[in-house]
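Engineer: Using the sequences plus the hints, can you model the full thing?
Chains as they are written, first to last, in our numbering: chain A, 1 to 232; chain B, 233 to 875.
Some clues are possibly wrong.
[As the list claims (entries may be wrong)] Which bits of chain B does chain A cover? Going by a derived footprint, with three or more residues having C-beta under 8 Å, they are:
#	segment
1	254-262
2	350-360
[Said to hold, decoys possible] Sample of chain A residues with no beta-carbon within 10 Å of chain B, all distances over it, derived:
#	residue
3	L21
4	Q64
5	N65
6	Q78
7	F81
8	Y100
9	Y122
10	R132
11	F137
12	T172
13	L177
14	A188
15	G221
[Unchecked claim] Between beta-carbon pairs, the in silico distance windows are:
#	chain 1	residue 1	chain 2	residue 2	range
16	A	N159	B	K394	49 to 59 Å
17	A	S51	B	G327	49 to 59 Å
18	A	E127	B	D256	47 to 57 Å
19	A	E189	B	D256	48 to 58 Å
Calculated directly from the structure, the hints in this document are not laboratory data. Every residue, glycine too, gets a C-beta built ideally from N, C-alpha and C.
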Amino acid sequence: MRKYIFLTIALFCSGLLQAQLTVGYSGGYSSYDTEAMRSMMRSIQGGPPASIIGAKNVDNFPAQNIIHVIDIGYLFQQHEFGLKGGGYHSTGGKLSLKDYSGEYANRFIVNGVRAGVYYKYYFFTYENRRGRELFSFFGEISPGIFMTQFKNRGFFIVNDEELDRFDKMFNTSSFSLLSQIGTKYYIAENINIHISMGYDLVSKAEWEESAYNSASINWSGVRFTGGVGFSF
Amino acid sequence: MKIDYLILCTIFLFFAACEYDRDDVYYVDVPKPDDKEIILNLADFPSGATLYIYKKTKLHYQLSLPEGQVLKKRFSLSGEEIYPMDGYFEFVPTGNVRTTKKLTVDIEVDPHSESIAGKLGFENYIGKFEYTLVFIPDAVLHLNNIVHHRNKDDYFELTWDKPELEQYTVDKYRITYYHNNKTYVKEITDPHETGFVDSLAVFGALYYRIETFFKEAIREPWVDVYTTVIEFPKNSIRFEYTGVNSGKISWPKNEYKSRYAFATGYYGDIVYEGEENYFEIDDLIEFTRDKNNLFPFSQGVLYELYVVPFDTKSISKDGAWPIHYDVLYSPSLITIEDGYLDFQICTDTPTNRLFVRNGYNFWIYDKDDLKLLDQGIVDALSISWNGRIFCSEKSSLIVIPSSGCIELVSYDLKNYEKLQFDREEELTYHEAFLGTNDVVFIKTYMDVVDRLPGGIEAFEGKLFAYSLETRELIDYLILPNKNDHVAVSRDGKYVAIYYNSHIKNDVSVYEFGENGFSLVYQEDFPVYGQREDPKRINFNEKETNLMIITFEEAGGQTYVVNLNDGTKSQKRTGLYVGSDPYTGNIVTANGYYCSIHDQTFTKELFAQERTYVNYLFNNYFFTTAHGGVSKLHYLDITNYLEK
Numbered sequence: 001m002r003k004y005i006f007l008t009i010a011l012f013c014s015g016l017l018q019a020q021l022t023v024g025y026s027g028g029y030s031s032y033d034t035e036a037m038r039s040m041m042r043s044i045q046g047g048p049p050a051s052i053i054g055a056k057n058v059d060n061f062p063a064q065n066i067i068h069v070i071d072i073g074y075l076f077q078q079h080e081f082g083l084k085g086g087g088y089h090s091t092g093g094k095l096s097l098k099d100y101s102g103e104y105a106n107r108f109i110v111n112g113v114r115a116g117v118y119y120k121y122y123f124f125t126y127e128n129r130r131g132r133e134l135f136s137f138f139g140e141i142s143p144g145i146f147m148t149q150f151k152n153r154g155f156f157i158v159n160d161e162e163l164d165r166f167d168k169m170f171n172t173s174s175f176s177l178l179s180q181i182g183t184k185y186y187i188a189e190n191i192n193i194h195i196s197m198g199y200d201l202v203s204k205a206e207w208e209e210s211a212y213n214s215a216s217i218n219w220s221g222v223r224f225t226g227g228v229g230f231s232f
Numbered sequence: 233m234k235i236d237y238l239i240l241c242t243i244f245l246f247f248a249a250c251e252y253d254r255d256d257v258y259y260v261d262v263p264k265p266d267d268k269e270i271i272l273n274l275a276d277f278p279s280g281a282t283l284y285i286y287k288k289t290k291l292h293y294q295l296s297l298p299e300g301q302v303l304k305k306r307f308s309l310s311g312e313e314i315y316p317m318d319g320y321f322e323f324v325p326t327g328n329v330r331t332t333k334k335l336t337v338d339i340e341v342d343p344h345s346e347s348i349a350g351k352l353g354f355e356n357y358i359g360k361f362e363y364t365l366v367f368i369p370d371a372v373l374h375l376n377n378i379v380h381h382r383n384k385d386d387y388f389e390l391t392w393d394k395p396e397l398e399q400y401t402v403d404k405y406r407i408t409y410y411h412n413n414k415t416y417v418k419e420i421t422d423p424h425e426t427g428f429v430d431s432l433a434v435f436g437a438l439y440y441r442i443e444t445f446f447k448e449a450i451r452e453p454w455v456d457v458y459t460t461v462i463e464f465p466k467n468s469i470r471f472e473y474t475g476v477n478s479g480k481i482s483w484p485k486n487e488y489k490s491r492y493a494f495a496t497g498y499y500g501d502i503v504y505e506g507e508e509n510y511f512e513i514d515d516l517i518e519f520t521r522d523k524n525n526l527f528p529f530s531q532g533v534l535y536e537l538y539v540v541p542f543d544t545k546s547i548s549k550d551g552a553w554p555i556h557y558d559v560l561y562s563p564s565l566i567t568i569e570d571g572y573l574d575f576q577i578c579t580d581t582p583t584n585r586l587f588v589r590n591g592y593n594f595w596i597y598d599k600d601d602l603k604l605l606d607q608g609i610v611d612a613l614s615i616s617w618n619g620r621i622f623c624s625e626k627s628s629l630i631v632i633p634s635s636g637c638i639e640l641v642s643y644d645l646k647n648y649e650k651l652q653f654d655r656e657e658e659l660t661y662h663e664a665f666l667g668t669n670d671v672v673f674i675k676t677y678m679d680v681v682d683r684l685p686g687g688i689e690a691f692e693g694k695l696f697a698y699s700l701e702t703r704e705l706i707d708y709l710i711l712p713n714k715n716d717h718v719a720v721s722r723d724g725k726y727v728a729i730y731y732n733s734h735i736k737n738d739v740s741v742y743e744f745g746e747n748g749f750s751l752v753y754q755e756d757f758p759v760y761g762q763r764e765d766p767k768r769i770n771f772n773e774k775e776t777n778l779m780i781i782t783f784e785e786a787g788g789q790t791y792v793v794n795l796n797d798g799t800k801s802q803k804r805t806g807l808y809v810g811s812d813p814y815t816g817n818i819v820t821a822n823g824y825y826c827s828i829h830d831q832t833f834t835k836e837l838f839a840q841e842r843t844y845v846n847y848l849f850n851n852y853f854f855t856t857a858h859g860g861v862s863k864l865h866y867l868d869i870t871n872y873l874e875k
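Structural biologist: The structure is reproduced here in structure tokens:
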């Protein structure tokens, strides 16, 4: 009940303050470091039973650099703050071998999704002669958490007998701080396109209880995104 | 806060749908290894079998492995690793109780398969073989109860018990045996047949080597040796008369069905061959002609009895058949265990009876057929060795000169008496002589009665003649010489006094009649220097007027003097043995060469080497023999005397 009261008050205040509600979507490039997972895969490959049977690394955690971000916030004068969701990453690796006698499949998938809040400060805005805003430059800082999910799926079947089965999942979260600058171009009064570039500093996500002691991923990396936004 | 989570989850699920989904599979096409297996052949026993170890046993094994790398080859006995020799195990039962252990053989071969299963070893060839070993110490690994017996067909049969030990499965028996210098081998392939008939086994030392072979390769054959000896009892060959000139030689039937051959002497001629255990001699004279050592039997003659298999076609003395050697004696009239060798015989001619004495024992026979008429023991007798006994044909007494007395035994062996004459002089009772006239002649010991000039002692003794019936002295003779010898004829009619000396050498013969002694004959014998010429004088047992003089030196020479007319026979080589009271024939011996002459000593009626005769009564030779048992052999020589 208190949440609804809080929401009613916020909407009422925003109305009093002549604040604008903004929604934006951004897509772009993101980099992150999967070396630890690759190392883990090498370690697994170098140990039994993969080393014995000669399992091959058929997928070695390629970085999927496309990200999608959705921002929902309030714009009040030069300040904008709100929620920032997205930054979803998914990668995987696999050791595989199959012949007439059996199959070894040890597959890892790591998913990471970022959720946080943001604050943008529009430090320069260019208006046309009619006073409509055309360009705005802003700086943004976004603290958040990176929720990381490790999945280990697979099996080891020899002569129709399942010798091993991998079916583990582990969720963990790590602190993230995204700092970036960007610019918006207002196509219309309520519609803009924008780009931004920055760096997301994320503490390492680690699967501490993994059977493989080096299961971790570092989501930190450059973010370069661009998208479209609406304001109401 | 839940709204936030819901939003976040919605977003998350949205993106989750786009989760990384690459899922490549690395497939390798490798060949599957051949389907082979490890084969262990442990002495032909299948895995899981129980093996019984009775002695130090070698268990050979063959291991057939598929191609590849041997990863494991482990042999263990109840968990403890053991190391076999080159291709075999060797197990020995120890202790004295039965124990059971597990023999395990683990083999693993890597065929170098490149598949997943192969690399993990799942396609390795694995062999695991388990055997139970039962150790049984102190088992008897020989055939039991090997015995022989006579089967229903009278053949020699060897039998044994079938082995009953575990895993000693009889495959066959092989029997090796020998006969007549040949080796025979018989194989019995029926394991239930535990007997063997040897029709060749009839006699002698038999040797059988029985090898028992077993189906189990780990079992060494058993070797058993069975020996036995089949023989006749000694002195088992018998001779018996079947007629005056015919006889029968027989021997015990052999235990096993046999043929026989009878040969004379050592490897002598075979005189009989056949299936019967006897043969008959139709013409003894002809049969014994030119056959060495066949006649007479009384001294014991070696014979050979071949006992050969029944199916033998012919028997040759060149063969190697076992032979029973035996000595054939004349039929034994008397056989006494532990008896005296001292057989003494006298005869009562009116009643045709022979009286035989040995120690306390008496036998009375018919003199014609030697049929036993009576037999008895006179315990009161004193046993002394003496020369002869006499029959008192008038008093029906057996008169036995003895030490210090004359012993009298009635013919019916029921009465016994000691006789001593009432004399001051000491009489030599043991040299007493009884004539058929019932007169007892008995000497005194010689006494010194004078000393002649030159220190020569003069002796004097007496020969008394007593009536046995009245026990009274009838007459006596003075015996002037120290070494006078006395001989009395069987009828008591003649008494010869003779003296062996280089000084005086003569014989005086007195006739004893109603008037006592009267000199009827005297002869001086030549003296050869200082040499004494010992001689013996006897009278013919039938014709008592025939005096038989024997010079004992150099094999002896004997001649006969007829007292009626003083004629003398030719001297013949040989010592006087005796004369027959019924025929008067004279037996002489030159060593073992026996001769019989007529009573006049002019005609040789019989001569045979290797013959020793003690007595001759009614043409019966009597010979004593001993050797644990005392025997009185006899032989009727009637038919061997020249007519």
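Engineer: So, for every hint listed, does it hold in this structure?
Structural biologist: Outcome of the hint check:
1. 254-262: Satisfied; 9 residues make the cut.
2. 350-360: holds (count 5)
3. L21: About 15 Å separates L21 of chain A from the closest Cβ of chain B, which puts it past 10 Å; holds.
4. Q64: Non-interface label on Q64 of chain A violated, nearest chain B Cβ at 7 Å vs cutoff 10 Å.
5. N65: 13 Å, holds
6. Q78: Fine: 27 Å to the nearest Cβ keeps Q78 of chain A off the interface.
7. F81: 15 Å, holds
8. Y100: 6 Å, violated
9. Y122: 26 Å, holds
10. R132: Per Cβ check, R132 of chain A is outside 10 Å of chain B; nearest 33 Å; holds.
11. F137: Given a closest Cβ separation of 28 Å, the condition holds.
12. T172: 14 Å, holds
13. L177: 18 Å, holds
14. A188: Answer for A188 of chain A: holds, closest chain B Cβ roughly 27 Å.
15. G221: Per Cβ check, G221 of chain A is outside 10 Å of chain B; nearest 17 Å; holds.
16. A:N159 to B:K394: 49 to 59 Å: 52 Å, holds
17. A:S51 to B:G327: 49 to 59 Å: 52 Å, holds
18. A:E127 to B:D256: 47 to 57 Å: Between E127 of chain A and D256 of chain B, where Cβ atoms are some 55 Å apart, the hint holds.
19. A:E189 to B:D256: 48 to 58 Å: 50 Å, holds
Violated hints, listed in ascending order, are 4, 8; each of the other numbered hints is respected by the structure.
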